[in-house]
Amino acid sequence: MEFAELIRISRCDRVMLQRPHHPKLDGTLCITGHHLIVSSRDDEPQELWLLHSNIDTVERRQQGMTGGTLWLKCKDLRILQLDVIGADQFAKVADTIEDLIRVEDPLLKYPFFYRAMYTVLEDGWTAFTTESEFSRLIQPGDDWRISYVNKDYKVCSSYPSAVVVPKSVEDSDLIAIANFRQAGRFPVLAYRHEGMAVLMRSGQPLITANGKRCKEDERLLNGVLAREKRGYIIDTRTQNLAQSAKNLAQSAKLRGGGYEPEPHYPNWRRVHKPIDRHHVLLDSLTKLMDGVNDTSSGTDKWLSRLESSNWMNNIKETLNCACLVAQCLDQEGASVLVHDTDGMDSTLQVTSLAQIILNPDCRTVRGFEALIEREWIQGGHPFATRHARSCYTPSAHRSKSNSPTFLLFLDCVYQIHAQFSCSFEFAENFLVMLFEHSYSSQFGTFLGNNECERRAMKAPERTCSLWSYVNRPEILPKYLNPMYEPNQRVIWPSVAPMSLQLWGSVFLRWVVDQGPQEAAWSVVRELKERDSSLRSRVARLRRQLQDLEREAMEVGIITSPTEEVMSVA
Amino acid sequence: MFSGGGTGNQGKIKGKAGSSSGSSSSSGSGSDSSESAASGSSSGSNSISSHTHDSGDSSSGTTPLGTPPHVQMASHESLNSESKSSSLNSKLGHESAGSPSAGSPSPPKSACSSSSTSTDHHHHQLSHVLSATSKMTVREGSRTLRPDEPSLFPGEHLEGTAREVTYLCPYTGPKKGTLSVTNYRLYFRSPETDPPYELEVPLGVVSRIEKVGGANTSRGENSYGIEIFCKDIRNLRFAHKQQTEVQIPLHLDRELYFSIPVFRRFRILHNIAGYGTSQMNEENHSRRMVTEKLLQHAFPASHKLPFFAFEYCEQYPENGWTLYEPIAELKRQGLPNESWRITKINEQYEICETYPAVWAVPAAASDNDLRSVATFRSRGRIPVLSWIHPESQATITRCAQPLVGVGGKRSRDDEAYIQHIMDANAQSHKIFIMDARPNVNAVANKAKGGGYENEDAYQNAEVQFLDIHNIHVMRESLRKLQEVCYPHIDNAHWLSNLEATHWLDHIRCVLSGSLRIADKVESHKTSVVVHCSDGWDRTAQLTALAMLMLDGYYRTIQGFAVLIEKEWLSFGHKFAQRIGHGDDRHQDADRSPVFLQFVDCVWQIMRQFPHAFQFTEDLLLTLLDHLYSCLFGTFLYNSERERMEKEVKTKTISLWSLVLSNMSDYENPLYNPATRHHILFPLTSMRHLRLWDKYYCRWNPSMRQQEPVHIRFKELLHVNGQLEKRVDELRKELAARQTHESPESLQLWFNFNK
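So the sequence lines, in the order shown, correspond to chains D and B. The first sequence begins at 3 in our numbering and counts up one residue at a time. The second sequence begins at 17 in our numbering and counts up one residue at a time.
Don't take each hint at face value.
What the hints assert, rightly or not - Here are the simulated lysine-lysine pairs, DSBU-like style, with alpha carbons at most 30 Å apart:
1) K741/B / K530/D
2) K530/D / K748/B
3) K741/B / K710/B
4) K480/D / K530/D
5) K303/D / K496/B
Hints in this document: simulated from the structure, not taken from any laboratory. Bear in mind that the values here come from a model prediction, so they are computed numbers and not experimental data.
Here chain D stands alone, though its shape is the one from the complex (with noise of 0.2 Å):
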């Protein structure tokens, strides 16, 4: 098989790991086509699996003939340090890795090479449809249709094959609207609050230098707002910091972009609310992992470190926007579409957390993942490309299109969730699940671009999906919320500088040991589970009583049920 070439060194003993907080592992390595893995010679059963593709990058020093020491900077943001003896087995472990983190083509991803040893349930590939998902939101005789226009990815390369489309609007209007979009992406639907007013995203619009107008867009759009009065256009484009959102908007329609003009769409109102993305993202997360990783410097520069990273900027910017959004929806009862320039990054977080404000059901597990289905998966984020890279890559390494747009989103929602710890099904631990499963996995859920790229590849036969393995009643249970309460009502997340607090158990966690949190937190479970168990016992002897006093009534012992039985809940 082919990496049979690029393994030089198999096995190689004598090697010394340290990672955070455990000891120091004193063994032997062994690098097989996807995994690096260390264990220990004693009998301890001290092992390290580390799949390849976790590797952001390797930093190697060698000492002379004596060997050298790898660091192994991963994209969890975990790192690690692998000594290794002798100056020949030293170059031969580091080209090994370094080569293996590059392997590029997508077939000889792990999740290929991974079988599930348990029997699947419910199959993740197929659990979350358009058909599906979008039941609930549209009904039949209703203004939306889900349409197949794109069943071949043609019109668009990075929509799912189904999408929500104004019933007004004809297959071919689509194409044309497409050809007018940014990437093909024509306005969908993603939610509709409360049977009322709906959210859309889309790419930008290509009105170029000379206003080129498309007929079937305003169509499209002004007809959404058919029945309401207004309809609000959130534009999260990026302004250049020397330019207006004037000048921006007209050096994007140099480049062909532009934005809908109002004479065209007269009852939409644009506003501008620009969220950073892609490399700057990027910028901003190695800024904060070197002042994270920076335990040596005087520590009393940690906050305007933290400051000047802007990841913290960067969250309440993003949340601002959404609670924007979910604002025009919920308290306006207007509609709104939202796009950056694809419409593919700063689009899908808005969308995203907007429906987690709005919609209780996205903060189920179920909905929660069907909400990164349809949102994120569906809605073509391109997985592979902006987690190819992460942070700990020298930036000359980077492409531009490398980027934490899902990290800054999952992010988010831990912000959400930090201050209505009760509102969500799943706990913060699912949140930190998905981070990794996202840059590094057994599972095909987050592989490629988009739909279209997995079907080439046949991913939804060929490999499992994250859903079916988390779904499973054995594992389930770990990421949930004990403190779960079902809540209907929108939440409305404060954006306030001191709420929103750097998220520890993704970024400190190898710096910061974690215990006590997770002591606290399994103290909750024992007493939730304790009530749960309670609770049954109650019921049981309640019967129990019930029925003797049934038969006590039967022969004439006493008259009537006591009414305090009766009454205990």
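Place chain B on chain D using the hints.
Then chain B, alone, in the frame of chain D:
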């Protein structure tokens, strides 16, 4: 079914506002009664709904545009918010019905709570009482207590009321209402919003009162009034329209003028001024009087008035004054033993007037030694035991700096005494002397006759400096922090502004110093002597925090109270000076937030070990509220001796009476008693510290807790207990029935088989 538990607790947190109507007659203004009756009935009905409205309101957070929804609701929609609140209520009701395990959503921190100083529980209870009294007013037609007046504590009485006053809320805009002053608190109520806006501030938290406006300022609408600066990180501004200013005739002596009965004053003014309606004059007058009463009761010490604590006469089931018995606490630690003895040499506070009456000292040191050492230590504060390790016998002792001076004086007795402390611990042949100050400060103190121990003179002793700055630096840091936190927060530079205050830096220093002490005692089994200059500020912080880390007893509610009684109160932290209780010299250089810093450090440790404390941060908040409020005698005066002289224990109530009588309000549902034997070593690097936003930013409406998790925890625990009880009852009942019925059932069985 358990909802009663949740709401029922609300009233108990703060002192109960018991019989309140009796003293209301002393209202000073006595303006026309028809007006008050009208406003009474209308706002009375408002206050009935306020309770439920609050809980609904808190479901919404900050809206994206930066204005919390309740703000809009309060200011613009007060008239038609009736329907809104009721729909919220019905939603709430629906929810609680649907989820039995949660019980009722017991009213979370209310919207207005950000304005009431004592906790909002109090505030809730207040609205209860108010609605009750206003109903009474309507029914009987007799004047008991107007709804715009506060319900009063036993011993509290109304001193004055001013109408048509505007409170300039920095978050929700100006509100017009009535300002009342009692001998304990300031109370403002505006019926403009629904629920009525209420603000109350115990006068003890007032640091300074300034008049705003006057002849030289522009006559804008809200340019006249007073500004109240509080010790709990907020400033309040009240304004009033400048009415036709009534000039008191020059030839009339001011005091004489005010001694004239009101009705006669009118006549005089009418005769002299000849314009302006009497009502206007009356209003101006009542305002002036309110300001004066405010000054008097905010600064009783400066006006030769007693603290309110001496008038407060609530009954509590528990007596907090008996909580701390010095000898019992030493016994708990295993003292006396062969190396340590308990002495009452200072019973008359003659050797050291700022120390407690009871000391634990090395058994090897004679009383004469103690007297001799006292002459060599600043203010006679000799090394006395704070804590002893139950196994290793390593100790923490505390004292003041040695009087070394520029000449490098020595004291054989002091050196021998330190040696005795070291010898009392057989595990180690070393002793650490932790000087809390930065090295330069310690050196500089030599010029003033102080200094630090010379390692050559003290054999086997190692002196370490912990780099904690003095009270003036801390005061300045808190001042900056207040600027950053109140009223508005700069979104873009929040973190760097916070950093620039250095507040967290200081917290880190105190924490890591305490950690170092705990580590020496626990891991190195070595005794530690702690001092700063006088040994009553930084030293108290360090010993108390180290003890909190080392001994789980101090992490229980009782133990924490003992810790504060012992390390802070009995060892003479000068609360009166540092807080400035009832004193109007707001620029006094002796004021400093030393105790606040300690409480902040406790909060930081609690945050890192959420299950190691029996209490929640609610206890810390209560502690800080009453640090300033002067409702309880606990924090009054500077030393045990002064408190003895003022008979604080017999004439006032202890804060611990409140705490011990309402234990369940402070209990931490996550507490794991097994942690009592754990040693806590908190992480003290900056990235593990956080600003205690629930304290410093608590007046900011966006700080309202969105979902009060700990209340749910508490409810869970409560449900749990109920169920457990129920199971037991049913079991017993079943068992009883079965034995009772068995002959019959047997009979039945026989009949059946026949």
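Broken hints, numbered, in rising order? Number 3 - this is the single hint that the structure violates.
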